[in-house]
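Q: Listed below are the residues making up each chain.
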Amino acid sequence: GPKVLQIPSHQIIDMGQMVTLNCDPVSNHLYFYWYKQILGQQMEFLVNFYNGKVMEKSKLFKDQFSVERPDGSYFTLKIQPTALEDSAVYFCASSFPGGRQNTLYFGAGTRLSVL
Amino acid sequence: GDSVTQTEGPVTVSESESLIINCTYSATSIAYPNLFWYVRYPGEGLQLLLKVITAGQKGSSRGFEATYNKETTSFHLQKASVQESDSAVYYCALGEDTGANTGKLTFGHGTILRVHP
Chain S
3 GPKVLQIPSH
13 QIIDMGQMVT
23 LNCDPVSNHL
33 YFYWYKQILG
43 QQMEFLVNFY
53 NGKVMEKSKL
63 FKDQFSVERP
73 DGSYFTLKIQ
83 PTALEDSAVY
93 FCASSFPGGR
103 QNTLYFGAGT
113 RLSVL
Chain E
9 GDSVTQTEGP
19 VTVSESESLI
29 INCTYSATSI
39 AYPNLFWYVR
49 YPGEGLQLLL
59 KVITAGQKGS
69 SRGFEATYNK
79 ETTSFHLQKA
89 SVQESDSAVY
99 YCALGEDTGA
109 NTGKLTFGHG
119 TILRVHP
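Residue numbers (my numbering), protein chains in the order written: chain S, 3 to 117; chain E, 9 to 125.
It is worth saying that the hints were derived from the structure and are not from the lab.
Hints should not be assumed to be uniformly reliable.
As the list claims (entries may be wrong) - Within a straight-line C-alpha distance of at most 25 Å, the following computed SDA-like cross-link-like pairs (lysine to any residue) qualify:
1) 59/E with 52/S
2) 64/S with 97/E
3) 5/S with 49/E
4) 78/E with 49/E
5) 66/E with 125/E
6) 66/E with 97/E
7) 5/S with 89/E
Stated by the list, open to error - Here are the computed distance ranges between Cβ atoms for each label pair:
8) 54/S with 68/E: 46 to 54 Å
9) 50/E with 98/S: 36 to 44 Å
10) 65/S with 22/E: 47 to 55 Å
11) 56/S with 71/E: 36 to 44 Å
12) 71/E with 20/S: 28 to 36 Å
13) 79/E with 74/S: 28 to 36 Å
14) 36/E with 56/S: 18 to 26 Å
15) 56/S with 52/E: 25 to 33 Å
16) 39/E with 7/S: 33 to 41 Å
17) 79/E with 54/S: 26 to 34 Å
18) 93/E with 83/S: 25 to 33 Å
19) 9/E with 74/S: 41 to 49 Å
20) 73/S with 22/E: 49 to 57 Å
21) 29/S with 36/E: 20 to 28 Å
Unchecked claim - Derived coverage of chain S by chain E (criterion: at least 3 residues anywhere in the stretch with Cβ under 8 Å from a Cβ of chain E; other residues may be distant):
22) 80 to 92
23) 106 to 116
A virtual CB, placed ideally from N, CA and C, is assigned to each residue, including glycine.
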């Protein structure tokens with residue numbers, strides 16, 4: 003079936019540095035999402051993105067976070083600067099519009115370790 | 009806020025045995041939640057297993073089924089006879105039916121299922 007690819011699968015970074023997580027969504031999808039899962043906790047919604055704009059973001063989406071999809075390429079999540087509490091697995095998802103509660107396709111996640 | 013509680017794993021069963029993974033939800037901010045089961049196989053992203061958007065209806069896929077029970081606020085996942093290939097992590101989730109593609113889902117913790125041959 004359709005695949006969402008996340009690169010890399012694991013990223014280690016020093017606190018205070020910038021990190022960009024990359025997501026290659028399903029090619030004809032128009033909606034994009036990031037979720038965050040801290041070890042031992044549930045996956046939680048961070049943000050959704052459509053037509054070049056953030057539509058909705060949760061309280062977890064701090065001011066240090068930003069998302070973009072320049073020129074239809076990767077959908078990215080940038081954290082600048084990183085903090086220890088940003089250590090988590092970040093899941094990207096995409097969907098095609100249509101129907102009620104459209105189906106999300108998720109990537110396998112990028113594990114971010116902030117030291 | 010909204011929440012989802014599911015069976016704490018890991019759940020270990022033998023091949024051809026029956027399975028039930030419990031899921032209950034609390035939708036305080038959503039009048040008509042939609043309910044989902046997602047599955048994650050090793051090394052892969054979450055895949056939608058089944059979804060039900062109307063209370064009282066049953067969803068089914070790959071031999072799995074779940075009934076949306078609004079009275080008991082439950083959406084238990086069942087399978088009559090599991091296979092080793094069903095070993096994965098199963099997530100119950102709820103979402104709001106706004107007619108818009110918000111993709112905003114509330115997930116449970118996930119239940120690890122191990123099926124022995």
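Q: Indicate, hint by hint, whether the structure satisfies it.
A: Now the hints, each set against the structure:
1. 59/E with 52/S: holds (23 Å)
2. 64/S with 97/E: At roughly 29 Å apart (the allowed maximum being 25 Å), residue 97/E and residue 64/S break the hint.
3. 5/S with 49/E: Distance ~13 Å between residue 5/S and residue 49/E Cα, so the pair holds.
4. 78/E with 49/E: violated (29 Å)
5. 66/E with 125/E: violated (29 Å)
6. 66/E with 97/E: holds (21 Å)
7. 5/S with 89/E: Violated - the C-alpha atoms of residue 89/E and residue 5/S are around 28 Å apart, more than 25 Å.
8. 54/S with 68/E: 46 to 54 Å: violated (38 Å)
9. 50/E with 98/S: 36 to 44 Å: violated (26 Å)
10. 65/S with 22/E: 47 to 55 Å: This hint holds: roughly 51 Å between Cβ atoms.
11. 56/S with 71/E: 36 to 44 Å: holds (39 Å)
12. 71/E with 20/S: 28 to 36 Å: Given a distance of about 46 Å, which is not inside 28 to 36 Å, the answer is violated.
13. 79/E with 74/S: 28 to 36 Å: Given about 46 Å between the Cβ atoms, the range is violated.
14. 36/E with 56/S: 18 to 26 Å: holds (25 Å)
15. 56/S with 52/E: 25 to 33 Å: 27 Å Cβ-Cβ, so the 25 to 33 Å window holds.
16. 39/E with 7/S: 33 to 41 Å: At 36 Å between Cβs, range holds.
17. 79/E with 54/S: 26 to 34 Å: violated (43 Å)
18. 93/E with 83/S: 25 to 33 Å: violated (44 Å)
19. 9/E with 74/S: 41 to 49 Å: violated (35 Å)
20. 73/S with 22/E: 49 to 57 Å: holds (52 Å)
21. 29/S with 36/E: 20 to 28 Å: Once the Cβ atoms are compared, 37 Å apart, the range 20 to 28 Å for residue 36/E and residue 29/S is violated.
22. 80 to 92: Violated, because only 0 residues of the region 80 to 92 of chain S bring their Cβ atoms closer than 8 Å to Cβ atoms of chain E.
23. 106 to 116: Held - the region 106 to 116 of chain S has 6 residues with a Cβ nearer than 8 Å to chain E, which meets the minimum of three.
Figure legend: structure checked against the earlier numbered hints; hints not met, in rising order: 2, 4, 5, 7, 8, 9, 12, 13, 17, 18, 19, 21 and 22.
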